[in-house]
Amino acid sequence: MAQGLGAETAYTWRHLCADNSSGNISIACAVAAPDVCPPGEYYGAILSIDAAGVASETGSYGCTGGATAAAAPAGGNAGATGTTAPPVVIVVTAADFQRLVIPPSTIRLDTGGNTLRTAHTNIYANAGVKMLNTTVLGQPVRVRAIPIEYIWDYGDGTTRRTWKPGEAIGGDPFDVETETSHQFEETGSFPINLTTVYTGQFSVNGGPWIPIDGVARVSSAPESMEVWKTKRYLVAEDCIANPEAIGCTDG
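Residue 1 is where the sequence shown starts when you use my numbering, and the numbers rise one by one after that.
Among these hints, one or two may not hold up.
[To be verified] With a Cα cut of at most 20 Å, we get these calculated DMTMM-like pairs of lysine to aspartate or glutamate:
| hint | residue 1 | residue 2 |
| --- | --- | --- |
| 1 | LYS229 | ASP175 |
| 2 | LYS229 | ASP110 |
| 3 | LYS164 | GLU149 |
| 4 | LYS164 | GLU226 |
| 5 | LYS229 | GLU185 |
| 6 | LYS164 | GLU223 |
| 7 | LYS164 | GLU177 |
| 8 | LYS229 | GLU186 |
| 9 | LYS229 | GLU179 |
| 10 | LYS229 | ASP156 |
| 11 | LYS164 | ASP153 |
| 12 | LYS164 | GLU179 |
| 13 | LYS229 | GLU149 |
No lab work stands behind these hints: they were computed from the structure.
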């Protein structure tokens, strides 16, 4: 039950975007709420505190003003004792990190999307650190997403995890084994999919980088690989001498 606003009543603030355990501001809540307060302040609900220390919401809201909430409630006691608003601590949680739009890695096919059955085929990711910018409670926040793992699905029933993105091969890339190459055992058209696993860090207003708990997984646009096989024949004539000889026609 709300207490009376008498001379013994003090007022303080409750963070609207704080969790109940640590009082830290949730970035997800903060970016969803209207940016109604000047930089360095936060929007909060006003609590009345009676002589026994019991806090009750007054139904009034406002910005901290960087000082006390003594004169906050309309019709309240302007001379009441105020409590200085606690400092705002901005955190980026694992859930916040996973909701951010992190640009995906790009799948690269060193043989141009064609290969032969059982040949080593170099497939790699064009990946790197992603920098994201946002504003929370008037404070600039930077998020750094760092790729740490690559989960490949080759479309032929096999999957693989690598800790390096791989790279292009100089010269002729055909049948060259690399740290990220793959051998297809059957012919056909296979969709290749990639999920990049990112760990994160964040910095508030140019401050130090702080680790983010948890990881984010980002899927890339798939690429298609055409896998062919070769046939060998012994022939006695070339195609000039016999245009219908084996290998001389499209059939």
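For the pair we were handed, LYS164 and GLU177, check the Cα-Cα distance against 20 Å. The hint holds at about 15 Å.
Check the hint pairing LYS229 with GLU185 against an upper bound of 20 Å on the C-alpha distance. Holds - the C-alpha atoms of GLU185 and LYS229 are around 10 Å apart, at most 20 Å.
Checking one constraint from the list: CA of LYS229 to CA of ASP175, max 20 Å. Satisfied? At roughly 13 Å apart (the allowed maximum being 20 Å), ASP175 and LYS229 satisfy the hint.
Next pair to validate is LYS164 with GLU149; report whether the Cα-Cα distance is within 20 Å. Roughly 7 Å between the alpha carbons, so the hint for LYS164 and GLU149 holds.
Against the 20 Å threshold, does the CA-CA distance of LYS164 and GLU179 hold or violate the hint? 8 Å, holds
Checking one constraint from the list: CA of LYS164 to CA of GLU226, max 20 Å. Satisfied? Violated. LYS164 to GLU226 sits at ~24 Å, over the 20 Å cutoff.
20 Å limit on alpha-carbon distance, applied to hinted pair LYS229 and ASP110: 18 Å, holds
Given the proposed pairing of LYS229 with GLU179, does the C-alpha separation stay at or below 20 Å? It is violated: about 24 Å lies between the C-alpha atoms, which goes past 20 Å.
So if I understand the rule, the pair passes when the alpha-carbon distance is 20 Å or less; does LYS164 with ASP153 pass? OK: LYS164 and ASP153 at ~15 Å, within 20 Å.
Holds or violated: LYS229 to GLU149, with C-alpha atoms at most 20 Å apart: 32 Å, violated
Satisfaction of hint between ASP156 and LYS229, Cα-Cα up to 20 Å: Roughly 16 Å separates the two Cα atoms, so the pair holds.
Holds or violated: are the alpha carbons of LYS229 and GLU186 at most 20 Å from each other? Holds. LYS229 to GLU186 sits at ~9 Å (cutoff 20 Å).
Violation of the numbered hints given earlier is confined to hints 4, 9, 13; the remaining hints are satisfied by the structure.
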